[in-house]
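Novice: Read off the chains here:
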Amino acid sequence: MPSDFLVFENVTKRFGSLTAVDAVSLNIKKGEFFSLLGPSGCGKTTLLRMLGGFEAPDSGRIYLDGVDITDLPPNLRRVHTIFQNYALFPNMTVWDNIAFSLRVARYPKTEIRKNVDVMLELIKMADHAYKYPSQISGGQKQRVAIARALVDRPQVLLLDEPLAALDLKLRQHMLLELDIIHDQVGITFVYVTHDQGEAMSLSDRIAVMNRGHIEQLDPPAKIYEAPLSGFVAAFIGDTNFLEGTVTEIDGDYCKLAVAGFPNILCFNDKNISVGSPVHLSVRPEKIRVTPTPPPADKDPRINVFRCKVTDIVYQGTYTKYWVQTDSHRISAIKPHSRFLLDQDAITWGDEVYCWWHPDDGYMLEHFTAADADLVQMPPAGYSLPKTPAAQPSPAAS
Amino acid sequence: MSAPSIFWLTLFFVVPTMLVVAISFHAAAPDGGIGKEWTLHTWRSISNPNYPAIIWRTLWISAATTVGCVILALPCAFAIARMDKKWRAFMAGLIMLPFWTSFVVRVFAWRLLLHPEGFVKHLLLAMRLTQPDTQLLYNSGAILLVSIYSFLPFAIMPIYAAAEKFDFSLLEAARDLGARSFLAFRKVFLPGIRRGVISAILMVFIPSVGSYVIPDLVGGKNSELIGNKIYQRTFPDRNLPHASALSALMAFAVLIPLALVAAALKRQDRKEALRLADGNPVKQRGGAA
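One line per chain: the protein sequences are W and L, in this order.
So the first sequence is numbered by numbering that gives the first Met the number 0: it starts at 0 and just counts up by one.
So the second sequence is numbered by numbering that gives the first Met the number 0: it starts at 0 and just counts up by one.
Take the hints with a grain of salt, since some may be wrong.
What the hints assert, rightly or not - Away from chain L, derived, C-beta distances all over 10 Å, residues of chain W:
(1) 40
(2) 58
(3) 78
(4) 87
(5) 104
(6) 178
(7) 258
(8) 262
(9) 314
(10) 357
Said to hold, decoys possible - DSS-like mimics (lysine-lysine), calculated; alpha carbons at most 30 Å apart, straight line:
(11) W/113 <-> L/270
(12) W/333 <-> W/285
(13) W/140 <-> L/164
(14) W/123 <-> L/270
(15) W/108 <-> L/270
(16) L/265 <-> L/164
(17) W/168 <-> W/297
(18) L/164 <-> L/35
(19) W/123 <-> W/108
(20) W/140 <-> L/85
(21) W/140 <-> L/265
The hints are simulated quantities; they were obtained by calculation from the structure and are not laboratory data.
Where is the CB? At the ideal position from N, CA and C, for every residue including glycine.
Let's have the full structure, built from the sequences with the hints guiding it.
Specialist: Written out as structure tokens, the structure reads:
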């Protein structure tokens with residue numbers, strides 16, 4: 000019998016010829032805020048629906064607190080779901096919506112009143128108790144859905160892209176609120192999202208999913224800093240991939256031969272030998288772009304190369320540069336620290352220096368060609384059709 | 000209501016109804032026409048104790064038909080609404096298919112089926128569900144059966160139209176929160192398609208009160224409905240005032256349940272209006288129990 004609180008054991012689900020979830024095994028701890036993160040169609044929602052009881056796995060078992068719940072119908076699982084569209088009952092008031100599960104379970108009236116009022120207090124909706132769902136805002140609906148799912152204290156709360164329908168500001172606010180609610184109720188949350196920002200800021204651990212299986216299961220910082228696969232590196236945040244072979248291993252570092260680059264030095268935490276092909280992921284914010292070479296007092300191991308700026312995207316808090324070397328297009332990020340006091344402005348076509356510390360490159364264990372397509376890249380240069388010079392119109396003169 | 004719709008209703012509904020009521024206060028002319036003088040003679044003859052029995056039978060058969068149709072239509076409409084989009088149109092087409100055949104022919108077909116030598120009788124006998132001398136035709140049961148068959152599409156269609164717009168994730172939410180399937184159906188699905196059910200009730204109840212082909216073909220001497228009586232007074236007897244009086248009586252018999260439904264709807268609408276009025280929450284607890 001598995002000892003963890005919530006256990007998926009070799010769970011597979013197929014829809015026709017499509018394998019939505021492919022032999023996934025997963026352990027979730029009690030009280031954890033656990034996220035399933037992945038692009039649409041990766042199987043995260045199917046996994047959640049199997050946990051809710053809305054889909055039955057084709058094979059494998061699901062255990063909750065040591066009990067096999069694989070074949071239990073949804074109403075017999077102490078697992079509640081926050082649906083993406085909230086699914087509040089339109090014919091019932093906020094109060095009645097929250098009381099639904101307690102009434103179904105035939106709680107005594109005084110008990111129902113007490114519990115519902117506590118939840119209304121928690122979500123700060125006591126003033127809106129007798130409104131109908133059509134009368135309240137999106138954020139309020141979201142909070143009512145949370146209260147309705149938590150009122151009878153389920154063992155697990157499932158959240159299916161709960162913030163997807165809200166605008167950015169409200170989403171940021173609800174993120175904080177979800178975090179507070181999770182801390183207060185201490186119930187295990189399983190959170191499904193395709194938004195890495197949401198998953199990063201809330202989760203204790205994240206399972207990154209791709210094509211029905213889990214690519215990596217780790218705390219947020221580890222997922223970001225030490226991605227196991229090219230997919231994780233490119234899907235979470237943004238990155239640059241460099242493909243090369245090991246030419247020299249020297250203690251904790253190794254030298255790579257990458258087409259078009261001088262020898263690249265890289266921290267080595269993998270089991271490799273001279274001649275192994277490796278893929279390196281370097282995050283854009285780890286790369287400095289400067290008009291001048293790195294100062295002499297910097298670590299001599301720094302990887303430096305010359306390149307030409309081809310694209311600049313201004314993003315408010317930072318600017319993103321794409322630079323071209325003989326063989327690669329590399330993206331780098333420079334935050335705007337001080338108004339007008341930043342280094343000399345860099346502009347299109349400038350010859351610049353790019354450099355990063357060997358510790359900031361990360362060697363990947365798995366890489367497929369498709370992963371490279373996930374990297375953000377501006378189109379590789381437009382060639383505008385040459386239009387004949389405009390004829391001066393007689394009216395203009 | 001706008002002027003054109005008032006004009007339309009007046010011309011095609013109010014005036015004809017008034018004419019029917021007016022005719023019932025004239026005497027019948029021996030040639031089948033309507034006499035000039037005003038009289039209460041027809042209305043006095045209608046207080047014949049036969050009529051209340053017939054009206055009562057008409058109302059209960061209509062009510063039973065309505066209940067039967069709605070009960071059968073609910074799961075049917077539910078199932079169609081949950082199908083793939085391409086199947087939905089096909090199934091809706093199948094439900095409308097009987098209308099390609101004449102109504103009278105379809106009712107007549109039931110006479111053959113329910114005939115003492117018919118298929119249904121033989122089947123029931125083989126399954127030992129009936130006695131050889133049981134009469135399946137010419138009674139109220141036959142009228143009810145054929146009425147439900149005939150009016151079922153009129154119940155399925157409005158309920159299906161409402162169910163198609165229903166958000167089925169609400170049913171999942173109810174199941175998720177601990178409700179058994181049937182409870183979720185009752186507490187969430189039924190309120191959600193309320194308007195479709197009300198339309199279905201009206202679409203079945205009103206025509207079945209006026210039906211006379213079905214009781215004429217599959218009903219017996221003791222299962223006449225008000226529609227048959229009106230037919231008899233109009234055509235074989237040529238007594239138009241009497242037919243008019245019966246029609247007026249039937250109209251009232253329909254109007255009373257209709258008025259009750261309308262009142263219920265109005266109450267619901269007021270509640271909904273309050274619900275939509277901002278900052279004026281409905282101060283009552285209840286709803287789900």
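Novice: Hints broken by the structure, by number, lowest first?
Specialist: 3, 4, 5, 17, 18, 20
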